[in-house]
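Q: Read off the chains here:
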Amino acid sequence: MTFSQLMSSMRFAISMLSIVGIASIIGTVLKQNQSYESYIIKFGQFWFEFFETLNLYNVYQASWFLLILLFLVSSTSLCVYRNSPRILKEFKLFQDNVKEKSLRSYKYSFEIPFSDFKKKDLVNLLNQHQFKTKEKLIDNGDELIIAKKGDYQKLGYIFTHLAIIIISVGGLMDGNLIFKFQESIGSKQIEFLDKPISEISKKSWLDTSNFSFRANMLLVEGESQGVGVIPVKDGYMIQDLPFTVSLKDFNIEHYSSGQPKSFESDLMIKSKNNGEVIQQKISVNKPLYYDGVTIYQSDFQDGGSKLNLALYDMYGNSKPIPMKAEIFKHNELIVDNQKMNFEFEDFRLFNILDVQENGDMKPKNVGPNYRYKIRNDSGQAREYETYQYPLFLDERYFFMSGMRNTPQEDFKFLRIPADADRTLDGFMIFKDLMIDPKQVNLAIKSISEENTVDLSQNKNEVTKGFFAIWQSFITGGYNNIASNIDQNVPLQNQEQVANTYIKIIYLIGDKIISNYKEDNSDSTIFNFNNDGVFTQDALNAYSDSFFYGSNFWVELKDFEQVQASGLQLTKSPGQFWVYLGSIMLVIGIFCMLYIQEIRLWIMKKSDSKNLILAFASNRDQIDFEKFVHKTKDEIKDFYSK
Amino acid sequence: MKVNFYNYIFTALLSLLGVVALTNFLNYMDKYEVTILIASVIGFSFLGMKWNKFKHFFLVSFALAFLSIYLYQGDISQANSNFILKYFLSSQSSIMWMSALFPLGLIIYWFYMFVKQEFYGNFASFLIWAAATFATSGLLVRWFESYLISIDIGHIPISNLYEVFVLFCLISALIYLYYEEKLNTKKLGSFVMIIINVAVAFLLWYTFTRGADEIQPLVPALQSYWMKIHVPANFIGYGAFAIAAMVSVAYLLADSKFWQKYIPAKEILDDMTYKLIAIGFIFFTIATILGAVWAAEAWGGYWSWDPKETWALIVWLNYAAWLHLRLIKGLRGNILAWWSIAGLLITTFCFLGVNLFLSGLHSYGEL
Ligand code: HEM
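Chains A and B supply the protein sequences, listed in that same order.
Heads up: the first sequence at position 71 corresponds to 71 in my numbering, and the numbers run straight through without jumps.
My numbering runs 641 ahead of the 1-based position in the second sequence.
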């Protein structure tokens, strides 16, 4: 077997189909085009590098994958090349040099008695059944009618296989073969660093003549841009565009539940060639076509919202520190000579969470949240996510703020109970009172006077003891208490002592609040149906704050949202060919599967009272057999009338 | 010609429905949706002409749906207060009826296979028709309910995993019923109904543990007329492949002496498998192409190698290989039967596994 025979063989075709299928699976299992950092964390350095040499992070652009596709296309092309001439010839051809003997050897071969041949009528009958016919007189006086139908089945073969080739070529046109080549000879270079566009080397620019690309553009309201960014591997390339795009307005509409319903950008396009200006709205599923480039609405992001914040020191009673921040900008804050770097990263106006409502979990908008990092002097950063409004959890409202040490972790949330007015003030007042020794002593004093606990011992001793427990709590939460007990109390008594301590802490906390209520009778913030729950929650929140990694609770006072619209710009000259190929493919498959190619020979021997009929098809199926018998019976009837 | 007369009435009724829909809702439809509506009227009329029972089925389903819509009186809360809606005709109840009738049909099919009395075979088919009727009316009513909840939430109910599972059951049942009638093979119901009932079991689990039956608004990417053609085309493909696999199971069983007595002849099964895969292949090809065209409009590229797309390609390549083997190499027999069963596994992964295990642009029906 020669190489080209092998390539166009059926076995090779099936193998190629299977190999492409199996190879494609890789890219669905291994998430493609993620940051290299996340791959390293997932696989470790060794496997990361191994997979990278195999190009597994972008399988579908990998050379070896393209090579497989190339084999598929060549195999199909060769097959078409070898078979088409024969098929086209057969399309016109009637096989008329058949012998009586060979007709009789067909599987579906019959003899039908006749008296009068009535050739013309017979041909008419066949034509009525969509047969094309040809008549032939044989030298020995025999007559032959050759009939056939369903030729288009064979054309279907050419259509489908040609379609595969056209689709693949179209796909390759839109692939990045040219760029791969330019990169390999060093005339283009991927940029890996985050730089202003003006500083990016010309080697990382693709100019407007680039004939196919898929680039992104992030536009803030009111801004203009004339280039797109193409992500490549772990870096990017800059794609110059033949026009500039300005975002005049960006709009998101929401469903009543808060989920996004639609987003649209009001764009102004200005041609760099002739200054022509057009204005158009685009939205998801409604792109804009301009100068060979299609502009899509793909997503949206924050474009640098401005936030007004207040920082509450959890362990001090100073006034909250006001801070102005902007998303994507760094803020530095010096507190107690300690430098803190805030990096605000995202602001979201709408957040849809599954929250409890009348017993069911339902998606609901819970209002704005904001993400920031707090980086210490040594460069390490913790990440925070805080919601502006309290969330309804377990039948009451909490302010929520999540913290994590690395992006791979889930956020762990600190929940601060909202006061009766659903503000943060209640907790902050409580916290100030908690760390005020005067208030604590007052509370302890009234507890001992009210005798809510059994005070068989010396009162003075007891108040001292209470104070010590409280002090231990406010310097380290329940955890501190627990480790004290661990160290100082015999094992068998630990649980009992712990329960007593917890009760004492609760009593003091509760007293502090009721004292406050007495002194500030016009304040409503602690007017709960059930005060105890708030005290409990507040104490828990205070205790948990020791795991929060920051002294500061960052409250959002107000904001000015700035949005950025995510656009995608594509130029894909291959699309036309892919679509054309697709249409051919459908037509071809239809012809191949639903048109049955059938040939029929009818021979009248000059010396016989029987006609010889022979049917043939390239596919022997039940339907064909049915068809044969039906047609044969009709011809029989035709002669017995 | 009585049957012919019925055909005219059917076509006339369908056209009337189409005209009523057009005159009432033209303002809410774009030109593509109008085209889809007209094409549906023509398509269903054609199907009805070729297939008598489809006409009854279609008319009864629509009658039930309209009755249900009438009973709602424009108020979604009627679903819990009106007796008929609550127990029969609200979309959720209809779908529950469907979920009850499919298992019942399966049982009767098995009974029929062993008892061999025509009555039970007919009864089983009837149950499946009834299940399909409830599925259709359930989906139609769900469509209406979504608009009752809020005009902007309204959409055709083929947008999430719950809805397409109902669609899968419905389409598979219809495809099976068609071949059952044409090839006169009621005994296959015992096998084919298994896969449909697996889908029903999943649907029930999904409903009761995840509350999946709740109507959710559409994300922006799905708000397109493309959904109305891409999804049904896909599910004709999935349905046909699934049934083909079940017929292949029967084909393999037919080798045993015991089963031979209860299963149609192997040639018939072989022919049926081929026909199912052929029709599935055509629709799956069209669906994938439509998906690409839609993707080009919504995501900015006709092919992104997103997991769903890639798995669709794998499914397609698999059946292309199957067809090559059978048509060109003339291969027959057990290998192809096993292959078509393996095909169902691949198809299931494409349909469900991708949503469960992989993430990508197509993450509309996550668990
Ligand atoms: C969905 C797509 C395809 C369909 C429906 C299809 C169908 C067919 C059919 C019906 C034939 C037989 C033609 C005849 O009767 O002579 C055939 C032959 C063949 N096909 Fe495909 N094919 C498809 C894709 C491919 C692909 C992708 C390849 C390439 C790897 C391929 C390679 C071949 C080969 C090598 C033959 C044998 C040609 C011969 O020697 O007769 N086919 N195909």
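These aren't lab readings, by the way, just hints derived from the structure by calculation.
Small disclaimer: the values here were computed from a predicted structure and weren't measured.
C-beta: ideal position from N, C-alpha, C; glycine also.
Among the clues, some could well be false.
[Unchecked claim] In silico BS3-like cross-links for lysine-lysine, where the CA-CA straight-line distance does not exceed 30 Å:
id, chain 1, residue 1, chain 2, residue 2
1, B, Lys727, B, Lys823
2, A, Lys626, B, Lys727
3, A, Lys445, A, Lys107
4, B, Lys823, A, Lys632
5, A, Lys632, B, Lys869
6, B, Lys727, A, Lys149
[As the list claims (entries may be wrong)] Some residues of chain A that are not near chain B, with every Cβ distance over 10 Å (derived):
id, residue
7, Tyr60
8, Asp96
9, Glu143
10, Gln189
11, Tyr296
12, Ser298
13, Phe467
Q: Could you check that no beta carbon of chain B comes within 10 Å of the beta carbon of Gln189/A?
A: Given a closest Cβ separation of 25 Å, the condition holds.
Q: Beyond 10 Å from chain B, beta-carbon-wise, is Tyr60/A?
A: violated (4 Å)
Q: Do the alpha carbons of Lys727/B and Lys823/B lie within 30 Å of each other, as the hint requires?
A: violated (37 Å)
Q: Would Asp96/A pass as off the interface with chain B, using Cβ distances and a cut of 10 Å?
A: holds (26 Å)
Q: Below or equal to 30 Å on CA atoms is what counts here, so check Lys626/A against Lys727/B.
A: Given that 30 Å is the threshold and the Cα spacing comes to 51 Å, the pair is violated.
Q: Take the C-alpha atoms of Lys445/A and Lys107/A, compute the straight-line distance between them, and say whether it is at most 30 Å.
A: violated (112 Å)
Q: Evaluate the condition: distance from the CB of Phe467/A to the nearest CB of chain B exceeds 10 Å.
A: Non-interface label stands for Phe467/A: nearest chain B Cβ at 52 Å, farther than 10 Å.
Q: Any Cβ of chain B at or closer than 10 Å to Glu143/A, or is the non-interface label fine?
A: holds (34 Å)
Q: Could you grab the alpha-carbon distance between Lys727/B and Lys149/A and see if it respects the 30 Å cut-off?
A: violated (57 Å)
Q: Would you check the hint for Lys823/B and Lys632/A, treating anything up to 30 Å between C-alpha atoms as holding?
A: With Cα atoms ~22 Å apart, Lys823/B and Lys632/A stay inside 30 Å; holds.
Q: Closest CB-CB distance from Tyr296/A to chain B, is it above 10 Å?
A: Violated: least Cβ distance 4 Å, not greater than 10 Å.
Q: Verify this label for me: Ser298/A is non-interface relative to chain B, using a Cβ-Cβ cutoff of 10 Å.
A: violated (6 Å)
Figure legend: structure checked against the earlier numbered hints; hints not met, in rising order: 1, 2, 3, 5, 6, 7, 11, 12.
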